[in-house]
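Trainee: Below are the chains, spelled out letter by letter.
2 protein chains.
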Amino acid sequence: MIYVGNKPVMSYVLAVVTQFNNGFDDVVIKARGRAISRAVDTAEVVKNKFMPNVEIKDIKVGTEVIEGEGGDKANVSSMEITMKTKA
Amino acid sequence: MIYVGNKPVMSYVLAVVTQFNNGFDDVVIKARGRAISRAVDTAEVVKNKFMPNVEIKDIKVGTEVIEGEGGDKANVSSMEITMKTKA
Numbered sequence: 010m011i012y013v014g015n016k017p018v019m020s021y022v023l024a025v026v027t028q029f030n031n032g033f034d035d036v037v038i039k040a041r042g043r044a045i046s047r048a049v050d051t052a053e054v055v056k057n058k059f060m061p062n063v064e065i066k067d068i069k070v071g072t073e074v075i076e077g078e079g080g081d082k083a084n085v086s087s088m089e090i091t092m093k094t095k096a
Numbered sequence: 010m011i012y013v014g015n016k017p018v019m020s021y022v023l024a025v026v027t028q029f030n031n032g033f034d035d036v037v038i039k040a041r042g043r044a045i046s047r048a049v050d051t052a053e054v055v056k057n058k059f060m061p062n063v064e065i066k067d068i069k070v071g072t073e074v075i076e077g078e079g080g081d082k083a084n085v086s087s088m089e090i091t092m093k094t095k096a
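Protein sequence lines correspond, in order, to chains A and B. So the first sequence is numbered by this note's numbering: it starts at 10 and just counts up by one. So the second sequence is numbered by this note's numbering: it starts at 10 and just counts up by one.
Just chain A, with the same shape it has in the complex (with noise of 0.2 Å):
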């Protein structure tokens, strides 16, 4: 599982190319809030420019629910990207 943040996309995608090149079959990409675009990124960049035997298996979206320090809570969207290596 690569957690995306706020780094520059390209860490992702080393991140994900690099879990790859050790043997794993899947990489889930996960992002929460303002990152998920960035995640999308880090998807297409893998698949376009570095991969092009892996592909998008899955995406899912929800809702998180965050606690702030005075116990405020927020709704946050989340997202999961899951990369395969096509069969």
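Worth flagging that the hints you see were computed from the coordinates, not collected in a lab. A portion of the hints provided could be inaccurate.
Put simply, identical chains are the same to the list, so a pair is met inside one copy or across any two.
Claimed, not checked - Derived lysine-lysine pairs resembling BS3-like cross-links, with alpha carbons at most 30 Å apart: (1) Lys-58 to Lys-69; (2) Lys-16 to Lys-93; (3) Lys-93 to Lys-82; (4) Lys-58 to Lys-82; (5) Lys-93 to Lys-39; (6) Lys-58 to Lys-93; (7) Lys-69 to Lys-39.
Start from chain A and add chain B according to the hints.
Mentor: Structure of chain B alone, referenced to chain A:
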């Protein structure tokens, strides 16, 4: 088709709900670049807060080429979320 841009999420939520209320069985929410996370927020808010009988049917991501004023090109990620009323 609802194109998600830089307006508040609730603008797009209202647009989606209106399309369903006008009789559409499917509504497609589309976004590019940083607006992708707002498209996910839109789908989640529609489903969780307004229309419990609506679900996410499909999520597609892709890459589009944008051409700038000087003819320079850049890739941008895109996403389409298809929502539909439950059978």
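Trainee: Tell me the numbers of any earlier hints that the structure contravenes, in ascending order.
Mentor: none
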